[in-house]
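Participant: Since the structure of chain A is already known, use the hints to place chain B on it.
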Amino acid sequence: MLSIEQIKHIAKLARLGVSDVEAEKFSQQLSSILGYVELLNEVDVKDVLPTSQVTGLQNVMREDTVKPFCTKEELLGCTELPVQLDQIKVKPVMNQ
Amino acid sequence: MLNTLTLTEASQGLRDKKFSSVELTKACLDQIKKHNEAMNAFVLVTEDLALKQAEAADAVLAKGGAHVLAGIPMGLKDIFNTKGVRTTCCSKIIRDFVPPYNATVVDKLSDAGMVLLGKLNMDEFACGGSTEHSCFGVTKNPWDLERVAGGSSGGSAAAVAADMAYYTLGTDTGGSIRQPASLSGCVGLKVTYGRVSRSGVTAMASSWDTIGPFGKTVQDTATVLQAIAGHDGRDATTPMVDVPDYSKSLGQSVQGLKIGVPKEYFGEGTDPEVEKAVRDALKEYEKMGATIHEVSLPYTKYAIAVYYVAMPAELSANLARFDGIRFGSKPSTEADSLLDYYLKVRSEGFGDEIKRRIMIGTYVLSAGYYDAYYRKAQKVRTLIIQDFENAFKNVDVMITPVSPFPAFKIGEKKDDPLAMYLADALTIPVSCAGVPAMSVPCGFSSGTATGGKKLPIGMQIIGPQFSEDLLFKVGSAYEQVTEWHKMKPTL
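Same order as they appear, the protein sequences are chains A and B.
Under our numbering, the residues of the first sequence are numbered 1 to 96, in order.
Under our numbering, the residues of the second sequence are numbered 97 to 587, in order.
Next comes chain A alone, as it looks inside the complex (with noise of 0.2 Å):
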């Protein structure tokens, strides 16, 4: 069970702004959401691999080759945020 403190300190962490009636509708679907994946634990996985790529790629390399992708107008078009020399400009990050 997830509490409507706990639900507002994961909200922070993935930086999601909730609101105390979203964080009460969220603690209970989530609290659901866990509970069913806890049947994860009646598998014994002891000496089991796990998995994290499918096909057994491993340690894909290629040559570290400058290649032309899009120009720098056509990126820097891409954001609504003020550009100046060539940079995007955004709230500071130190000092709050």
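FYI, nobody ran anything at the bench for these hints, they're computed from the structure.
For each residue, glycine too, the CB sits at the ideal point set by N, CA and C.
Wrong hints could be hidden among the right ones.
With the Cβ distance kept under 10 Å, some of the chain A side facing chain B (calculated, not the full set) [unchecked claim]: (1) L2; (2) S3; (3) I4; (4) G77.
Computed spacing ranges between beta-carbons, pair by pair [said to hold, decoys possible]: (5) B:R417 <-> A:K89: 12 to 20 Å; (6) A:G56 <-> B:D376: 54 to 62 Å; (7) A:K89 <-> B:A152: 56 to 64 Å.
Facilitator: Coordinates of chain B only, in the frame set by chain A:
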């Protein structure tokens, strides 16, 4: 009614100069104009672009030597980056995003002479099984407008089923191609993980995501896969496995084919009409000389739990980039700090299902829970993979239902996430194993429970990794002796 042709018929007709690509395109655009308002399959119609591309294709066709897909009007799930054409993932957070480059598959299809009719509706960031989690509203099922078309690639399925496009592309992470194909009544192929490049397609859960076609026939989907499959230097998960000539598999005999029927996929929880339709299909295969064998995939019941730990974990990491700086729009009101900016952007931009999954992912990856949830899920995933490996030692393919029930009512499961998740019980295990599977129409509900409205039913043909050619053989053999794939909804 040129739009009712199959891709194969349309392509042949172009070659025989019976009609032009512009005529095919206009026929599809007319169908979209007539029915899209009611169905909401397309979220963007690129009429001018389509007609321009059709004219260009006609010029290439006139010269001869054109690609089999040249001039064939199609649609893309709105998760494929299209240079200069708005791509939203049906999320408010990037509602105005215009990509500066094409997905690899879009480049490949453009080179073949693609005619893009528009972008198709989906659950936000491909998270859902009903297209109800789209910022553009739900896609309606062409067989019954009160029901969902399935999801997450609901628009892609409905557009093909309603003859708005000859083929479409979608993505399948836990069933998002197969389930809507089954619910809407068309063919949908989930490929082997890595068979088709994912470059330029917004990632949902990276160790699960696949890209595949929807078509009116098995042959049509084979033609499309031929054009998009293969290694891509821009997607490191595409192995150097040769792409066979899929056309050679079509029309081949299934005499002696061993078909496995996993007992865990039938019975409790599966609608009797769905079970009957699939069992009837198995009888057709027996008549054609295939043999049926009961098999067991004992870890099936853990697949949903594995998926709903591992997928949100990967999703929460992938969606971190939608922060209003790297991707995403500014918040509606001024933020007073960077943290406040992130919180506002993401709470305004994401829908509830995305928020739920991001929070689950964040939780299961957090310190102290990683081993208990994520690591554990990855281990059980290994056991599910072994289930499939063991089964394929004894049989060539397996056949199961795709969805335990036909299309459900709009709103029926929207506020009960767990009920929606459980609807994917028969497609998720296949995704765990990364093997390919195809949904092929195999019957209809009787209509007694739905006021006389008959709803399509699909069967799932599952093969070992990189056996798409075998799926085409098995699927096309069935289409030669049945008519289900020719049934059309009354719009």
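Participant: A separate judgement is required for each hint: does it hold in the structure or not?
Facilitator: How the hints compare with the structure:
Satisfaction of the interface hint for L2 of chain A is found here, the shortest Cβ-Cβ separation to chain B being roughly 8 Å, below the 10 Å cut-off. Taking 10 Å as the C-beta contact cut-off toward chain B, the hint placing S3 of chain A at the interface is violated, the least distance being around 12 Å. With a least beta-carbon distance of about 13 Å to chain B, the hint placing I4 of chain A at the interface is violated under the 10 Å criterion. Against a cut-off of 10 Å between C-beta atoms, the interface hint on G77 of chain A holds, since the closest Cβ of chain B lies about 7 Å away.
Roughly 18 Å separates the CB atoms of R417 of chain B and K89 of chain A, a value that falls within the hinted 12 to 20 Å. The hint said 54 to 62 Å for the Cβ distance between G56 of chain A and D376 of chain B, and at roughly 38 Å that hint is violated. The supplied range of 56 to 64 Å is broken by K89 of chain A and A152 of chain B, whose beta-carbon atoms lie about 41 Å from each other.
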